[in-house]
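Just so you know, the protein sequences line up as chains C and G, in that order. Everything in the first sequence is counted per numbering that gives the first Met the number 0, starting at 0 for the first residue and increasing by one. Everything in the second sequence is counted per numbering that gives the first Met the number 0, starting at 0 for the first residue and increasing by one.
Calculated from the structure, these hints are not laboratory results. Do not take every clue at face value.
If you want a taste of the chain G side facing chain C, the calculated C-beta under 7 Å gives, among others [stated by the list, open to error]: (1) L43; (2) Q46; (3) G47; (4) A48; (5) T140; (6) L141; (7) G142; (8) L145; (9) S148; (10) L155; (11) A156; (12) A163.
Ideal placement from N, C-alpha and C gives every residue a C-beta, glycine not left out.
Number of protein chains: 2
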Amino acid sequence: MSILITGGAGFIGVNLAKRFVTENKRVYLLDNLCRGSLKNIYRLSLQGAVEVIQVDLHNYNKSLSAISQIDRNEEITEVWHLAANSDIPAGTNDSEIDLRDTFMTTYNIIRIMRILDIKFFAFASTSAVYGDRGNESLVETLGPLLPISNYGAMKLASEAFISAAVESFLDTALIFRFPNVIGMPGTHGVIYDFIGKLKESRSYLEVLGDGTQQKSYLHVSDLIDAMLHVRDLNYSGVNVFNVGPNDEGITVKGIAEEVVRQLCPDARIVYGNGNKGWVGDVPKFRYNNDKLRATGWSPSMSSEEAVRLAVGELLRTS
Amino acid sequence: MSILITGGAGFIGVNLAKRFVTENKRVYLLDNLCRGSLKNIYRLSLQGAVEVIQVDLHNYNKSLSAISQIDRNEEITEVWHLAANSDIPAGTNDSEIDLRDTFMTTYNIIRIMRILDIKFFAFASTSAVYGDRGNESLVETLGPLLPISNYGAMKLASEAFISAAVESFLDTALIFRFPNVIGMPGTHGVIYDFIGKLKESRSYLEVLGDGTQQKSYLHVSDLIDAMLHVRDLNYSGVNVFNVGPNDEGITVKGIAEEVVRQLCPDARIVYGNGNKGWVGDVPKFRYNNDKLRATGWSPSMSSEEAVRLAVGELLRTS
Numbered sequence: 000m001s002i003l004i005t006g007g008a009g010f011i012g013v014n015l016a017k018r019f020v021t022e023n024k025r026v027y028l029l030d031n032l033c034r035g036s037l038k039n040i041y042r043l044s045l046q047g048a049v050e051v052i053q054v055d056l057h058n059y060n061k062s063l064s065a066i067s068q069i070d071r072n073e074e075i076t077e078v079w080h081l082a083a084n085s086d087i088p089a090g091t092n093d094s095e096i097d098l099r100d101t102f103m104t105t106y107n108i109i110r111i112m113r114i115l116d117i118k119f120f121a122f123a124s125t126s127a128v129y130g131d132r133g134n135e136s137l138v139e140t141l142g143p144l145l146p147i148s149n150y151g152a153m154k155l156a157s158e159a160f161i162s163a164a165v166e167s168f169l170d171t172a173l174i175f176r177f178p179n180v181i182g183m184p185g186t187h188g189v190i191y192d193f194i195g196k197l198k199e200s201r202s203y204l205e206v207l208g209d210g211t212q213q214k215s216y217l218h219v220s221d222l223i224d225a226m227l228h229v230r231d232l233n234y235s236g237v238n239v240f241n242v243g244p245n246d247e248g249i250t251v252k253g254i255a256e257e258v259v260r261q262l263c264p265d266a267r268i269v270y271g272n273g274n275k276g277w278v279g280d281v282p283k284f285r286y287n288n289d290k291l292r293a294t295g296w297s298p299s300m301s302s303e304e305a306v307r308l309a310v311g312e313l314l315r316t317s
Numbered sequence: 000m001s002i003l004i005t006g007g008a009g010f011i012g013v014n015l016a017k018r019f020v021t022e023n024k025r026v027y028l029l030d031n032l033c034r035g036s037l038k039n040i041y042r043l044s045l046q047g048a049v050e051v052i053q054v055d056l057h058n059y060n061k062s063l064s065a066i067s068q069i070d071r072n073e074e075i076t077e078v079w080h081l082a083a084n085s086d087i088p089a090g091t092n093d094s095e096i097d098l099r100d101t102f103m104t105t106y107n108i109i110r111i112m113r114i115l116d117i118k119f120f121a122f123a124s125t126s127a128v129y130g131d132r133g134n135e136s137l138v139e140t141l142g143p144l145l146p147i148s149n150y151g152a153m154k155l156a157s158e159a160f161i162s163a164a165v166e167s168f169l170d171t172a173l174i175f176r177f178p179n180v181i182g183m184p185g186t187h188g189v190i191y192d193f194i195g196k197l198k199e200s201r202s203y204l205e206v207l208g209d210g211t212q213q214k215s216y217l218h219v220s221d222l223i224d225a226m227l228h229v230r231d232l233n234y235s236g237v238n239v240f241n242v243g244p245n246d247e248g249i250t251v252k253g254i255a256e257e258v259v260r261q262l263c264p265d266a267r268i269v270y271g272n273g274n275k276g277w278v279g280d281v282p283k284f285r286y287n288n289d290k291l292r293a294t295g296w297s298p299s300m301s302s303e304e305a306v307r308l309a310v311g312e313l314l315r316t317s
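Whole structure, please, built from the sequences with the hints as guidance.
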């Protein structure tokens with residue numbers, strides 16, 4: 000019995016794999032190694048403990064063949080589907096990216112699971128499915144779902160197809176709507192960008208917007224905790240959970256100040272205009288995690304603490 | 000200035016086209032003529048008044064070329080996108096059908112509109128996006144959306160992609176969530192099936208389930224009224240409306256009795272077991288049209304009246 004993680008060589012995939020390895024699970028990581036990389040596997044000392052299969056999940060036939068081969072040797076009992084485009088602006092400029100990497104990867108893995116009769120599916124969805132609701136609290140019972148990016152759209156499209164699959168063959172689908180997730184080995188995002196910029200300029204940090212953007216940040220260790228907590232509740236059917244911190248997030252200004260504090264305390268911060276980074280960016284959201292907390296889980300860090308830890312981790316390794 | 004209706008030779012498409020023709024609009028019907036047919040155009044005496052372009056919208060290049068050609072001669076200002084798979088059980092057995100005919104048609108028409116800079120989009124969505132909520136009233140603010148058929152999933156996927164398109168280039172998207180729509184020239188559905196069966200057996204009508212399934216039915220004339228009413232409100236942005244009657248629907252038993260009454264009053268009705276016709280069928284739903292009614296529109300018929308009228312229409316022409 001083994002576990003398959005798609006996008007398994009990515010930032011969240013390797014952290015999840017590490018936890019499964021400590022549970023003595025046999026873990027297979029499927030990845031096209033475009034954004035995910037073997038370096039992530041070395042960084043988390045996973046080499047030898049997991050098997051990496053390089054295949055692009057948007058290629059149905061190759062993926063079916065690769066996954067069937069694993070399943071013949073060691074029955075796959077769970078699929079954790081994390082493979083997706085993670086560059087939201089790129090997907091907004093060219094919808095083909097999110098169609099191929101975010102939706103068709105979900106579509107294909109579900110079809111393959113149906114053929115191989117694999118019944119447990121966990122999915123990395125996103126707060127972006129809610130769209131821009133301003134100050135409204137984002138709770139799972141909220142509708143209609145009107146994403147403003149192709150990334151959010153293709154994640155919602157994936158949720159929809161997963162839901163229908165539960166009716167026809169899946170026993171369990173866990174849909175986790177992630178906020179911004181930070182930690183190591185992160186490869187993109189605002190903390191990463193700020194550190195890169197400040198390392199170059201040293202004396203000042205240029206922020207694109209006015210710094211008032213406010214979002215929920217979760218450290219990857221809390222995210223993995225939450226997902227495994229829900230897995231252990233042995234739900235059947237389709238289950239949707241927001242995963243997030245117990246607060247209303249942290250502003251871009253707060254993040255910029257933390258990066259400056261830890262890296263170049265004397266640097267000035269120079270702000271731009273507006274509170275939207277790019278088309279499809281949700282400038283502010285209040286994320287509600289009541290449903291998850293009602294199951295007995297609570298995050299160990301606030302958005303601010305998660306940012307502080309992630310900045311430190313990133314500075315030590317970059 | 001002209002209007003493009005995709006799936007325009009289908010049941011709802013020709014009814015919509017007819018109304019646009021009475022408004023003296025120039026109307027183009029795009030259709031692959033698989034389920035839609037030229038016969039529908041003859042039946043509604045639309046020949047000469049509309050132009051039919053036979054192209055399959057899941058073929059992006061051919062569709063782009065065909066629609067660009069129209070747009071060069073007469074600017075297309077509105078797209079009404081009705082093209083979709085309408086055979087729900089077929090799509091549940093083979094997800095490729097709904098992917099291709101329901102989702103990729105939406106994906107392609109949106110991409111084409113972006114290239115041609117067409118800013119108004121109306122979409123035929125469905126009550127199936129809500130999934131099976133039992134006795135809960137289906138209102139637009141309900142979430143999470145957990146469809147139980149691939150048909151519902153690919154309609155929801157379409158809504159998601161449309162919503163993101165409003166952020167990047169569309170001025171207006173009207174998303175109409177249809178209930179069961181009946182009338183002429185209908186080609187499938189429970190009324191059609193019952194009439195076909197009863198015409199063969201004459202003395203009895205066999206019903207698959209126990210007859211307790213209860214759904215909202217809307218006559219196509221009311222549906223078109225509702226959509227044009229909303230169009231005339233000149234909304235911008237993305238707008239989602241349930242379109243349905245002012246009641247809790249009619250049971251399959253009620254429909255069977257109406258067909259028997261009008262066709263063979265002495266026939267017996269023989270019921271089967273269970274209240275689910277097939278995987279992906281929602282056995283019962285209570286459809287809430289408060290949002291639409293608050294804009295000043297109200298249906299002219301109840302579910303029962305719509306069924307009575309549609310049975311009569313179908314009997315007169317079949």
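These are the hints, each one checked on the structure:
no., hint, verdict
1, L43, "32 Å, violated"
2, Q46, "37 Å, violated"
3, G47, "38 Å, violated"
4, A48, "35 Å, violated"
5, T140, "5 Å, holds"
6, L141, "5 Å, holds"
7, G142, "3 Å, holds"
8, L145, "4 Å, holds"
9, S148, "6 Å, holds"
10, L155, "4 Å, holds"
11, A156, "3 Å, holds"
12, A163, "4 Å, holds"
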